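The hints should help you fit chain B onto chain A, whose structure is shown.
Protein chains in written order, with the numbering used here: chain A, 1 to 458; chain B, 1 to 128.
No wet-lab data here; the hints were simulated from the structure. Some hints could be false.
Cβ-to-Cβ under 8 Å is the rule here; a few derived chain A residues that face chain B [unchecked claim]:
hint, residue
1, V54
2, L123
3, E126
4, G137
5, E147
6, L154
7, F158
8, F177
Every value quoted in this text rests on a predicted model; they were computed, and no experiment measured them. Ideal placement from N, C-alpha and C gives every residue a C-beta, glycine not left out.
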Amino acid sequence: MNALILSAVFGVVMMFSGILLKQKSAVRNLAIAGILLLLVSNVLETYGTAFFKVNVNGMMYFDRLALFFNTIVFVSALLYFLLTAKDMEKVGVNYAEYFALIFFILCGITLTSSFKSLLILFLGIEIISIPLYILTGTDKRNLKSNEASLKYLLLGAFSTGLMLMGIALIYGAKGTFSTEGANLVTDKPSVLLVAGMILLLFSMSFKASAAPFHFWTPDVYDGAPTVFTSFMATIVKAAVFIAFIRLFDEAFGTLRAQWQLWIAVITAATLFIGNITAVFQQSVKRMLAYSSIAQAGFMLLSLYAMNTDAKEGILLYVTAYSFATIGIFAVLARMNDYTFDGFNGLAQKDPLVAGSLTVFLLSLAGIPLTAGFLAKFYMLKATIATPQGLWLAIFAILMAAVSVYYYFRVIQAMYFKEGDDAKAPETTPVFRGTLVILAALVILLGIFPDLLLHWFYF
Amino acid sequence: MSHKKGSQLIAQGSKLKKGMPINYYIFLSLALFAIGIVGVLTRRNAIIIFMCIELMLNAVNLLLVAFSKMHHAANVAVNATAGTDGQLFVFFIMVVAAAEVSVGLAIIVMMYRNIHSVDVNFLNRLKH
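Same shape as in the complex, but just chain A (with noise of 0.2 Å):
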């Protein structure tokens, strides 16, 4: 509830901020104090120290799952903004609005992340995408920018849509919109109710981009400019799978018959797909939005699965694809050609810059010793528990070996190809410190990962 609160009311401050500051380092400094603000409010929340006491007529719950999620969220935001905020001056001249788009949208994450009541998650969901429309279109004179941002929002619009009706069959069919109201079934489930959460599962899939409802992903994450299409790739992807695995665990937990073979099918298609048609792609960009599709496949094996392993490793994935794509995402957005060829020779340009990126990349492909394997190796675990999981898994597995080919592409490109004299990407101190402590982290987290699960139950 402390961040709920204190995230709308930064939005509104960043908003007046861009009138009463003229400095844009100072905007930012206010942005990345208000971000750390978020967070020790949270984790005191976490302790028991909670400042506001609003009545939420058991429409929201804190609790371990939704906290912890949360402060994952805060500590990407608060590294995403000391490595990207720079950048977004490059975007436009409205700095501040675009803050306080992000603070609006770390409160509609904070209510997917804690919904008990569909009311809940739908207000969550759309506080999450009117921001993110905006946010793509940012690049006003950019053809690419305008049209992202009208694809994202005619197909985000439709899936509210799918969302709504999926929604109100639930009402009809159980009178409540309360989550644990929906998961009394007591013998045969009604066709009302059976058809309101396969629209549902299509919604949140569509925001989850899962593989037949992905197509706008690329494009989306093509057009948008690269400091946002890092933010929607990583901490907003993050919440709409928590959100997800929230809906289909505690709402529809006892009706898994009908659902399990939809999402099994639903996450060898993600993983195909993704993985497939990232290996084609010639502009890193464009490879790392197909990349993300696969690793929401990925992610939707913990939805699969649906077992204690699976909600530990969840948060573990969410963390470590997280950190690794805010690393590469801020690189790429200083790089000036965005193809393979771009990051030739990087590795003696800037040496620091390419190591770290090499170990964002070698996560991302699951390579041991770093956070990626961990979280697959927790994910392919808790598959392999379920009775029909196997195959799932080793599909999973197989996928995995076709993503480190084109990871490892860009770690070819910077160590073993001679670059042309463009100059390396130009880099501030504390952005070179921040991907530093990032590298550092994704591999705390490989070998340590006790040391974030560890939060999770204290």
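Showing chain B alone in chain A's frame:
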């Protein structure tokens, strides 16, 4: 005589209260919803697509109100406020739809300024 007339009135009243069966409402809103979906998938004008999305949302509103009435009639003896949450949800959908339209029209205007068209066939620059 008067007693008989009174019971007739009550019978009439209960018939009115019962009203149409819920199935008609479900079919009507599913039909509206399907028209909306078909419109989104086939039309090429961004504003018409947007109108079709609104049609989908309004079909949901209609369905929610009908279900709300149904649950209210079924549970009013136990709980006087039963079914009101469905109608509350409708207000939230209206608010969100208004926010979405304001952002959406702004994006369409932004695109119109650059290419002087609102045709979504234009949306293929990123496909390669």
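Would you pick out the hints that fail for this structure and give their numbers low to high? Violated: hint 1 alone.
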